[in-house]
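J.: Each chain, letter by letter, is given below.
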Amino acid sequence: EVQLVESGGGLVQPGRSLKLSCVASGFTFSNYGMNWIRQAPGKGLEWVAYISSGSSYIYYAETVKGRFTISRDNAKNTLYLQMTSLRSEDTALYYCARFSWEPGFDYWGQGVMVTVSS
Amino acid sequence: DIMMTQSPLSVAVTPGESASISCRSSKSLLHSNGITYLSWYLQRPEKSPQLLIYQISNLASGVSDRFSGSGSGTDFTLKISKVETEDVGIYYCVQFLEVPWTFGGGTKLELK
Chain S
1 EVQLVESGGG LVQPGRSLKL SCVASGFTFS NYGMNWIRQA PGKGLEWVAY
51 ISSGSSYIYY AETVKGRFTI SRDNAKNTLY LQMTSLRSED TALYYCARFS
101 WEPGFDYWGQ GVMVTVSS
Chain E
119 DIMMTQSPLS VAVTPGESAS ISCRSSKSLL HSNGITYLSW YLQRPEKSPQ
169 LLIYQISNLA SGVSDRFSGS GSGTDFTLKI SKVETEDVGI YYCVQFLEVP
219 WTFGGGTKLE LK
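Protein chains in written order, with this note's numbering: chain S, 1 to 118; chain E, 119 to 230.
In isolation and in its complexed conformation, chain S is listed as follows:
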């Protein structure tokens, strides 16, 4: 069974940093691209970042480019999102999601909440 479990969220002050993790199991992690997708409270879904299976291709939404860094450790089956210079508008539930071109985001984690507030 495919499982994606996010962690690392919490309450953080504006301008500070936070690092999210997503541990994958039930599939060969190194064969799949991975994404972070977020959802602000009461709002819709926003794609944040993508990393290819071997980390060769990395893309970001303009809203986070230069502040967030996506990375992965295939030996640890873990996806990361390093978030710096956090803003109140980054407050959201952050999901990691597996990606393949045929189905798209085919599996999602349960999400981890990040709240940016003083």
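A few of these clues could be false.
Derived lysine-lysine pairs resembling BS3-like cross-links, with alpha carbons at most 25 Å apart [said to hold, decoys possible]:
id	chain 1	residue 1	chain 2	residue 2
1	S	Lys-76	E	Lys-145
2	S	Lys-43	E	Lys-165
3	E	Lys-226	S	Lys-43
For each label pair, taking beta carbons as the anchor points, the in silico distance ranges come out as [unchecked claim]:
id	chain 1	residue 1	chain 2	residue 2	range
4	E	Ser-179	S	Gly-10	42 to 50 Å
5	S	Asp-73	E	Val-217	31 to 39 Å
6	E	Val-217	S	Gly-10	35 to 43 Å
7	S	Ala-75	E	Pro-133	23 to 31 Å
8	S	Thr-84	E	Val-217	20 to 28 Å
9	S	Trp-101	E	Lys-226	25 to 33 Å
10	E	Ser-182	S	Gly-66	25 to 33 Å
11	E	Ser-138	S	Val-23	35 to 43 Å
12	E	Arg-162	S	Thr-28	22 to 30 Å
13	E	Glu-202	S	Thr-69	25 to 33 Å
14	E	Ser-128	S	Ser-56	22 to 30 Å
Calculated from the structure, these hints are not laboratory results. On a predicted model such as this, the values are computed, not experimentally measured, just so you know. Every residue gets a Cβ at the ideal spot worked out from N, C-alpha and C, and that includes glycine.
Starting from the known structure of chain S, fit chain E onto it as the hints suggest.
T.: Chain E only, in chain S's frame:
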């Protein structure tokens, strides 16, 4: 960026009846390889989104055949036949043609 526009914002359906949700993109989602990268997701209350349909009309594994997708180019439709209680939630379309991948604003399905 490709803009995805869904309508209606919400729909109330009597159980057993059908519902249709529209999604329009600001640019054709047809890739030069002949594939149209348009998917549909359902987010049930307090749950993570679930893939329903990919490449316009392909049903994801384990998804009820009461769900069907159609369309081409810039106009797409998700149809839900014989609506059940478990279909309640917010439906999103998303395009994978170009980065940034973009979602529609969502359509909330409720029961009458």
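J.: All hints are to be evaluated individually against the structure, with a verdict given for each.
T.: Hints, verified against the model:
no.: 1; hint: Lys-76/S - Lys-145/E; in the structure: violated (39 Å)
no.: 2; hint: Lys-43/S - Lys-165/E; in the structure: holds (14 Å)
no.: 3; hint: Lys-226/E - Lys-43/S; in the structure: holds (12 Å)
no.: 4; hint: Ser-179/E - Gly-10/S: 42 to 50 Å; in the structure: violated (34 Å)
no.: 5; hint: Asp-73/S - Val-217/E: 31 to 39 Å; in the structure: violated (23 Å)
no.: 6; hint: Val-217/E - Gly-10/S: 35 to 43 Å; in the structure: violated (29 Å)
no.: 7; hint: Ala-75/S - Pro-133/E: 23 to 31 Å; in the structure: violated (49 Å)
no.: 8; hint: Thr-84/S - Val-217/E: 20 to 28 Å; in the structure: holds (21 Å)
no.: 9; hint: Trp-101/S - Lys-226/E: 25 to 33 Å; in the structure: holds (29 Å)
no.: 10; hint: Ser-182/E - Gly-66/S: 25 to 33 Å; in the structure: violated (43 Å)
no.: 11; hint: Ser-138/E - Val-23/S: 35 to 43 Å; in the structure: holds (39 Å)
no.: 12; hint: Arg-162/E - Thr-28/S: 22 to 30 Å; in the structure: holds (28 Å)
no.: 13; hint: Glu-202/E - Thr-69/S: 25 to 33 Å; in the structure: violated (43 Å)
no.: 14; hint: Ser-128/E - Ser-56/S: 22 to 30 Å; in the structure: violated (42 Å)
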